[in-house]
Each structure stands twice: as structure tokens, then as C-alpha cells.
Amino acid sequence: MIAYLIRRMLLMIPTLFGIMLINFIIVQFAPGGPVEQTIAQLKGTAVSATSNITGGAGETIQLAKGPTGDSAYRGARGLDPRFIKEIERMYGFDKPAPERFWLMIKNYLAFDFGQSWFKGGTVLGLIAEKMPVSISLGLWTTLLVYLISIPLGIAKAVRDGSQFDIGTSTVLIIGVAIPSFLFAILLVVVFAGGSYLDWFPLRGLVSDNWHQLSLWSKITDYLWHMVLPVTAMVIGSFAGLTMLTKNSFIDQINQQYVVTARAKGLTENRVLYGHVFRNAMLIVIAGFPGTFVAILFTSSLLIEIIFSLDGLGLLSYEATLNRDYPIVFGTLYMFTLIGMFTQLIGDITYMLVDPRIDFEARET
1 MIAYLIRRML
11 LMIPTLFGIM
21 LINFIIVQFA
31 PGGPVEQTIA
41 QLKGTAVSAT
51 SNITGGAGET
61 IQLAKGPTGD
71 SAYRGARGLD
81 PRFIKEIERM
91 YGFDKPAPER
101 FWLMIKNYLA
111 FDFGQSWFKG
121 GTVLGLIAEK
131 MPVSISLGLW
141 TTLLVYLISI
151 PLGIAKAVRD
161 GSQFDIGTST
171 VLIIGVAIPS
181 FLFAILLVVV
191 FAGGSYLDWF
201 PLRGLVSDNW
211 HQLSLWSKIT
221 DYLWHMVLPV
231 TAMVIGSFAG
241 LTMLTKNSFI
251 DQINQQYVVT
261 ARAKGLTENR
271 VLYGHVFRNA
281 MLIVIAGFPG
291 TFVAILFTSS
301 LLIEIIFSLD
311 GLGLLSYEAT
321 LNRDYPIVFG
331 TLYMFTLIGM
341 FTQLIGDITY
351 MLVDPRIDFE
361 ARET
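Sequential numbering of the sequence shown, starting at 1, is according to the numbering used here.
Hints listed in this document are in silico derivations from the structure and should not be mistaken for laboratory results.
Remember, predicted model here, so these are calculated numbers, not experimental data.
Heads up, the beta-carbon is just placed ideally off N, CA and C, and yes, glycines get one too.
Please note: incorrect hints may appear among the correct ones.
Quick list of the computed label-pair ranges, beta carbon to beta carbon [unchecked claim]:
# : residue 1 : residue 2 : range
1 : THR260    : ILE22     : 29 to 39 Å
2 : ILE305    : THR267    : 44 to 54 Å
3 : ALA177    : ARG82     : 48 to 58 Å
4 : GLY193    : ARG262    : 53 to 63 Å
5 : SER308    : VAL190    : 14 to 24 Å
6 : ILE22     : ILE348    : 44 to 54 Å
7 : PRO98     : SER217    : 54 to 64 Å
Below are the BS3-like pairs computed for lysine-lysine, each with C-alpha atoms no more than 30 Å apart in a straight line [to be verified]:
#  : residue 1 : residue 2
8  : LYS85     : LYS95
9  : LYS85     : LYS119
10 : LYS106    : LYS85
11 : LYS130    : LYS106
12 : LYS119    : LYS106
13 : LYS119    : LYS95
14 : LYS218    : LYS130
Given only the sequences and the hints, what does the whole structure look like? Please build it.
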């Protein structure tokens, strides 16, 4: 097992490097980079020949008009080429792309993601600041998804083909067909003062006066704000796990050891929970880390935007729009690293749940 873990961890290095390299290359061809963004902001807000602006590195530069000439940047016509060079230097674009990439990788190995260009502050500080919001959404959603999906999947497996199975399958199909963000909009319209009821808050993780509330009021206020976003995320996530649980139990119920257990006179509950449960739950339990990461880093993006939750999803969205590459690549690096370690934890969980699994023996 130790040798397998070492090989997997060594494989993470080229995998992470390849992901960062591919995304870095793609970004080089994406229009509207930070230099163009800054030029557009300056030209859109300047009312005279000079106007002050603070750059991402905390530097103050001046908008200066110069001789008209060709430029590689859209909107740069009429600006002094020396001014354009200053903006390039501020964002590090005065260096060749390969040099910028190697410098980025070197810094990232020390978890130095630099400064945000447009939000101010360090990237690592911004990630740490936004992480609690996304973790709250991810933990509550994952917990509820498992609490709903596992009992429902077992019930569907035991009653396979019954009216209960058909009815719940219809609900699951609806859950899969409606994206979580559309369901979130529906919840806002119906329950958050959109057109009908005004039962739940629309914005934020807590109320503005949260710090002035008692401990119990803080807890209830926090949970009250989580109801709608978590509900929207659960609706979009529980169907797949429910069907996985059902199919896993049906597969185990049809095994020979179940027939033998029934022939010995064991009750159905004893057969189901004493023999089938452990084997059937293997894939479900082992998939928990991956499910949590998927919910945390993908499902919450639009939900955070709709409910104005200042988490990692909203941070990444704003960084992409603003071409804030330190945040874009910093979050990509962190999420990829977490995803690979989560996959490794999933493999370890497999072996802990069922010691008969041996990845080393499988590879030889």
C-alpha cells in the first residue's frame, strides 16, 4: 500500500504541471487580458489627459496620451507606447510567456500565489477568506445528499419495480432535468420575496446584525440563510447518488451469498443490513470525498452568484471576468491539488472499507 501511495503522489507532479501548462497556453490566446482591461477602465473613466489609477501591485500610474500607433492591445490607439509598457510591466507581461510560466510554477511550489490584480490583497488570503462560505455550502449539501440518497436508494432497491420505485424515479428524473441554478431562481421567486412569499432571506450567509445577536440567534440566523441555497444544491445532486445506491444494492442482492443467507433462515433485515449493506455501501462511502469536492468546487458557483454568497465560486467568477490571472491560476492550482488528494483519499477509503481490495496487486 505504501508503494502504491508513493507512486500516486509522484504521478501528481506531472499531472498538475500538465494541467497548469495547458490552461496557461489557452489563456495566452484569450482576448481581453488584464492589460486590455486596465486600458478600457482608464479610457472609460478618464475625463482629462491624465487620471490616476492604482494597479494590482499597488502602484499608481498615469493615463497619458501619446503618438498614435499600432498596438497589440484593443483600445490602446492614441496612448503613449511607454504607458502601455508600464502597464505590461505592472502585470508581468513585459516578460516572455515561457519565463512567466516558469516563474509562476516556481512560486506556486512554495504556495506563493502573489497579489490579486483587481481586488487587492494576496490570493491565498482571499481564498482563505472565501473558503468558509463554500465549505458551509459543501458540507451541508453533502450531508443532506447522503442522508436522503442512501435510505431512498436502499428503499428503491428493496422495492424494485413497485409503484414506490416508479414514483420516486419520476421525482429523480425531474431533479436531474432541472439544473440547480434554475431551481434556485424558482425558490427565490416563490419563497424569497420574488412574487409570492417572503419567508427566507435572499442575500448573504448571515444578517447584517449577526454580531449583535445571541448565540442561539446566530445559529438560527445562519441556518435560515442556508435553507434556500442548500435546498437548490441538494435537488441537483441527490439523484445520481440515489441511483448509484440502488444499483449497488440490487447487484449485491442478486449475489450467491445472499441466496445462501436466506436459505439459512435469516430475516430480510438481517440479510440486508448484516450482509448486503457493507458490500453495497463500499462504492458509496468511498466516493464521499469526490462527491464533496465536486459539490464544493462546481455546484456552488451559480448558487453563490444567485444568492450573493461571497465564496470561492463568486470569487472565481469575478476573477475570470476581470482576467485576474493570479486568482484564476491560484484557485486552479489549489482545486486541482485538492482534487487529486481527494481521489487518493477515495482509494484509501476503498481499502479501509474492504481490506480485500489491493491496488498494488491490481497493478502488478
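Pairwise beta carbon distance, ILE305 to THR267, judged against the given window 44 to 54 Å: Roughly 51 Å apart at Cβ, these two residues keep to the hinted range, so it holds.
Verify the CB-CB distance for THR260 and ILE22 against the hinted window 29 to 39 Å. Violated, since THR260 and ILE22 (Cβ atoms, about 52 Å apart) do not stay within the stated range.
Does 14 to 24 Å hold as the CB distance between SER308 and VAL190, or does it fail? Taking Cβ atoms as reference, SER308 and VAL190 lie about 18 Å apart, which means the hint holds.
For the hint 44 to 54 Å, verify it against the beta carbon of ILE22 and that of ILE348. violated (28 Å)
Check the hint pairing LYS119 with LYS106 against an upper bound of 30 Å on the C-alpha distance. holds (23 Å)
Verify the proposed pairing of LYS218 with LYS130, using a straight-line Cα cut of 30 Å. Holds: LYS218 and LYS130 sit about 19 Å apart, inside 30 Å.
Is the hinted pair LYS85 and LYS119 satisfied, with a Cα-Cα distance of at most 30 Å? holds (22 Å)
Using the C-beta atoms of PRO98 and SER217, is the stated range 54 to 64 Å upheld? holds (56 Å)
May I ask you to test the hint 53 to 63 Å on the CB atoms belonging to GLY193 and ARG262? holds (55 Å)
Please work out if LYS119 and LYS95 have their alpha carbons no farther apart than 30 Å. holds (23 Å)
Hint consistency between LYS106 and LYS85 [alpha-carbon to alpha-carbon, up to 30 Å]: holds (25 Å)
Distance restraint between LYS85 and LYS95, which requires alpha-carbon spacing of 30 Å or less: Holds: LYS85 and LYS95 sit about 11 Å apart, inside 30 Å.
Of the numbered hints given earlier, the model fails hints 1, 6; all others are met.
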